[in-house]
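Protein sequences appear in the order of chains A and B. Everything in the first sequence is counted per the working numbering, starting at 1 for the first residue and increasing by one. Everything in the second sequence is counted per the working numbering, starting at 1 for the first residue and increasing by one.
Worth double-checking, as some hints may not be accurate.
Claimed, not checked - Listed below are the simulated DSS-like cross-link pairs for lysine-lysine, each with C-alpha atoms no more than 27 Å apart in a straight line: (1) B:Lys47 <-> B:Lys231; (2) A:Lys85 <-> A:Lys272; (3) B:Lys17 <-> A:Lys134; (4) B:Lys101 <-> A:Lys297; (5) B:Lys204 <-> B:Lys193; (6) B:Lys193 <-> B:Lys101.
Hint data in this document are derived by calculation from the structure and do not stem from the laboratory.
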Amino acid sequence: MADIASLSPGAEALRRGAAGPSGPKPRHVLSRRNIFLYGTLIVVALYYLLPLYVMIVTSLKGMPEIRLGNIFSPPMEITFEPWVKAWATACTGLNCDGLSRGFWNSVRITVPSVILSIAIASVNGYALANWRFKGADTFFIILIVGAFIPYQVMIYPIVIILREIGIYGSLTGLVIVHSIFGMPILTLLFRNYFTSMPEELFRAARVDGAGFWGIYLRIMLPMSLPIFVVAIILQVTGIWNDFLFGVVYTRPDTYPMTVQLNNIVNSVQGVKEYNVNMAATILTGLVPLIVYFVSGKLFVRGIAAGAVKG
Amino acid sequence: MSNSERPNQLFRNLNAKIASVPMILTALVVFVGGTAWTVLYSFTNSKLLPRLNFVGLDQYHRLWSTSRWLISIENLLIYGAISLVFSLVIGFLLAALLDQKIRFEDTFRTIFLYPFALSFIVTGLVWQWLLNPDFGVQRVVRDLGWTSFSFDPLYNSSIVIYGISIAALWQGTGLIMCLMLAGLRGIDEDIWKAARVDGIPAWKTYLFIIIPMMRPVFITTLVIIAAGIVKVYDLVVAQTSGGPGIASEVPAKYVYDYMFFAQNLGQGFAASTMMLLSVVIVIVPWAYLEFGGKKRG
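Bound-form chain A, shown alone (with noise of 0.2 Å):
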């Protein structure tokens, strides 16, 4: 049975071939070029997803089997204690209440920063689109090339403005600080989709009495909901991952996520628990990773708009 199974395919080749060939050449599917190709970006693949891989293993596992074992295998025994620690007890100086602290920080920085951000440059790339006045475009200039000097330029002379308000170290400081910083690429993303919209659309409403806000709330806002997700998509992931500007402009106890995963995990006291760091390590990656997987392409087009700044 098994014998006659396998040689029907030559037979039936050989009955083809007797016939003369007929139809398109078929594609090989395992032609040498495509075993280059897959096999290639098959391997860089695996590379690309080792670290994460070996993040979540490591995390898994308990201190013992870490010690004795090899990195890349699998743990013997799964265990969540690393992840219930690095989440609710890992002690960084003082404090030991875990990560849960930077991460209420860190959402407590981000989500008025992402607002007031995204606010402040929509509606002034809006203005430059549509309603520009003498000297807006010389200011926009400056903000872009201001885009490309180096925070560290910066960054002590808005300590003093901010010790001057009387909200250095504050998280209300902070937000502002990424206002700021985040303005240059924010209203270029929206000046620049403002100003591909039809222009006729926004002389029917002006010819029909609305005014700068009326025109912004009513038909810009609506009809721009897309660039708007690409902007949220942007901050979100560049406030949440921030690192110099939460170091430099909070204190111990409001220090965002990414600069407590810092010091806990580099902390020269106690010893070195490497299953909670990678877990510590992974809740702190955890809402880009979301945001990143669940936004596809827009991340794409986010990222995409932010890197062709200037």
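Dock chain B against the given chain A, drawing on the hints supplied.
This is chain B only, laid out in the frame that chain A set:
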């Protein structure tokens, strides 16, 4: 104000001006004002507090005779060269592979790009763990039987900056790939057809036709990579904290440490002004080529 008169110039388009107040303040106070302030105070001997006590170029003399700064600059140059060359080459190759009308293109692209969504701190800590000599790659290879195998870039001061570059490339090449892929998709299909008709091999078409056509994409990418190089800070802090010793220090970390730990503001200002200068050196020729050249046609 009466309606018959022509409204004051200042109040024309008032709402747009109000909406632009944050931009104007940011542009003038933070970007222009802040930068000018830092440059000005870099000529003073400010220590704990900024003071206008001018000492000429003293801070710069001291800066360029500090071994830590010289190491930082050297590291930045090595890191920059590696990032620039490898992320362009790898990014372009990956984009070219993905552009072969393959199946699962979205899956591959998602995998290559996901590290870019992570923060430098997360990236740095993962690679610190992978490159840990007692548990990471070195240990695994040694356990396989090659006991003299040595791969501990983060603990060897002569190659530590290369270890940092590995993590940086893992994080950043996805973005370059995406930009290159967009560039490749922008090339007219007819070019490929013409090249195929003429019997030009694919690699030659890429090298002599496609890449020259993608010049604007390459320039934009180059500027993005260069801007990222100067900023490198979090990655080093997470991976090595500048160590071993001062072997992996970078300029951005020098600035931060002198401003907020060493309480030597003048040094921090001078160092940040040097960073600004390096950006100007990169950006000005680019802006000149990009915008100045066009006007003259």
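* To do: Starting from the hint list further up, note which numbers the structure goes against and sort them upward.
  => none
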